[in-house]
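Q: These protein sequence lines map, in sequence, to chains A and B. Per the working numbering, the first sequence starts with residue 8, numbered consecutively. Per the working numbering, the second sequence starts with residue 24, numbered consecutively.
Please keep in mind that the hints were generated in silico from the structure rather than gathered at the bench. Possibly wrong hints are sitting among the right ones.
Unchecked claim - Distance ranges between label pairs, derived from CB positions:
id: 1; chain 1: A; residue 1: Glu72; chain 2: B; residue 2: Ala188; range: 35 to 41 Å
id: 2; chain 1: A; residue 1: Asp29; chain 2: B; residue 2: Phe275; range: 42 to 48 Å
id: 3; chain 1: A; residue 1: Lys71; chain 2: B; residue 2: Val60; range: 17 to 23 Å
id: 4; chain 1: B; residue 1: Ser238; chain 2: A; residue 2: Asp29; range: 23 to 29 Å
id: 5; chain 1: A; residue 1: Asn66; chain 2: B; residue 2: Glu300; range: 55 to 61 Å
id: 6; chain 1: A; residue 1: Lys71; chain 2: B; residue 2: Thr268; range: 43 to 49 Å
id: 7; chain 1: B; residue 1: Glu277; chain 2: A; residue 2: Gly39; range: 31 to 37 Å
Said to hold, decoys possible - Residues from chain A shown here face chain B by an in silico Cβ test under 8 Å; the list is partial:
id: 8; residue: Leu42
id: 9; residue: Asp45
id: 10; residue: Ser46
id: 11; residue: Ile47
id: 12; residue: Ala49
id: 13; residue: Ile53
id: 14; residue: Ile62
id: 15; residue: Lys63
id: 16; residue: Leu64
id: 17; residue: Gly70
Even for Gly, the Cβ is constructed at its ideal location relative to N, Cα and C.
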Amino acid sequence: MDVNKLKEQIIDALNLEDMQPDDIDNEAPLFGEGLGLDSIDALELIVLMEKFYGIKLQNPAEGKEIFKSINCMAAYIDAHRTK
Amino acid sequence: MALEHENWKGTTGGMPWMQRTLIRLLAIVDQRIIYGVLCLVVPFYMLFNHKGYISMYHFFRDGFQESWWKAFAHVYANHFRFGQIIVDRFAAFGGRTFKFEFSEGKEKYQALAREDGGFVQLSSHMGNYELAGYILKQEIKKIYALVFWGETETVMENRRKMFSAKGVEMVPVKSDMSHIFELNNALRDGQIVSMPGDRIFGSVKSLKSSFMDHSVKLPFGPFQLALLREVPMVAIFVMKERWDTYKIYFRFLEADESLGKKEQAQQLADDFAREMESIVRLYPTQWFNYFEFWED
């Protein structure tokens, strides 16, 4: 999984206009202290996973683990992508 | 502004035992008798709910450019109307039914409800939207209604009872964002999602719009949800006409798909603000956002 490509998709989906992929720490939490994303951003990420990787997230508990960091997201995509 | 939105929870007043008593009373007593009592109670409510009273006074003064005495009279009428709305809600809990009239668009709404895909239904703190849950009974789809979990157990239990029979599931806003998954799942499965369009809660992200010649902030979430899932959006207003009659207005919101997602969200928010304004101008005393709604 190309982590940089994932970061670009996130920057684009969340409209993080002033950010570059290198500005995002692969291990930093996406919500709260790290990138500071909120519930609307979570929705964007859920739709992003579905649109680009064919992954339909349904379980909130699962989402909590997947969206812990860029690395967690990338690992989940690698294991579950259908496209 | 966001802080005002957050501070005002918009929950039903009264202790649980008072609410239970009212439900039992309304099962046997005509609600017009309770309306009569309201006339006497409202001045005291206005006196003690000073903050709500002031914001409503500003609403009539600045929104409708009314003289101070007319604005004051309308604040009284507004509080009385709000009391009636609450009484009607409890009467519905007690089994009372109401008559409904419909604006144009009922057929289009029913067609949407029959189609395969889901859609987003916008509510607002005007009139008595909750009664729409009882009348717009869904034969095929379920309605997943996003709610703020601040009501008493009495109100929530009665809502659950009434709504479950009508195919309405309540989805409380939670800090773990599980509501986002539920709403997304519902739309993906072709169901209906109902959300308030005039209240910022959950996410603080907002869109600026114009409402009654003043600047307002509307929540970004509902508009973004509809756009991301590429589903239609309809605003529903349930306005009190007579003591036993409500009129349901359907307003379909559409964005220009050639625009970017952000611009489309702005367009939908502007449309919604315009529709809210057109309805509130017809029913000025049925505006129930008891906080300073405008930004300026």
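Q: Can leucine 42 (chain A) be said to touch chain B, with a Cβ gap under 8 Å?
A: violated (14 Å)
Q: Taking the least C-beta to C-beta distance, is isoleucine 53 (chain A) closer than 8 Å to chain B?
A: At 5 Å from the nearest chain B Cβ, isoleucine 53 (chain A) passes the 8 Å test, so the hint holds.
Q: Double-check aspartate 45 (chain A) for me: the hint is only fine if its C-beta lies closer than 8 Å to a C-beta in chain B.
A: Result: holds, 5 Å to nearest chain B Cβ.
Q: With a cut-off of 8 Å on the beta carbons, see whether glycine 70 (chain A) makes it to chain B.
A: holds (6 Å)
Q: Hint check: is the beta carbon of lysine 63 (chain A) less than 8 Å from a beta carbon of chain B?
A: holds (7 Å)
Q: Could you tell me whether the CB distance from aspartate 29 (chain A) to phenylalanine 275 (chain B) stays inside 42 to 48 Å?
A: At roughly 44 Å between Cβ atoms, phenylalanine 275 (chain B) and aspartate 29 (chain A) fall inside 42 to 48 Å, so the hint holds.
Q: Kindly confirm whether 43 to 49 Å is satisfied by the beta carbon distance between lysine 71 (chain A) and threonine 268 (chain B).
A: holds (47 Å)
Q: Given the hint of 35 to 41 Å, is the C-beta distance from glutamate 72 (chain A) to alanine 188 (chain B) inside that range or not?
A: holds (37 Å)
Q: Tell me if the interface restraint on isoleucine 62 (chain A) is satisfied: Cβ within less than 8 Å of some Cβ in chain B.
A: Interface hint status for isoleucine 62 (chain A): violated (12 Å vs cutoff 8 Å).
Q: Identify whether the interface hint at isoleucine 47 (chain A) stands, where standing means a beta carbon of chain B within less than 8 Å of its own.
A: holds (4 Å)
Q: Please check whether leucine 64 (chain A) passes as an interface residue: C-beta within 8 Å of a C-beta belonging to chain B.
A: holds (7 Å)
Q: Under 8 Å is the threshold here; is the Cβ of alanine 49 (chain A) close enough to any Cβ of chain B for the hint to stand?
A: Interface hint status for alanine 49 (chain A): holds (5 Å vs cutoff 8 Å).
The structure fails to meet hints 3, 4, 5, 8 and 14 from the earlier list, while all remaining hints are met.
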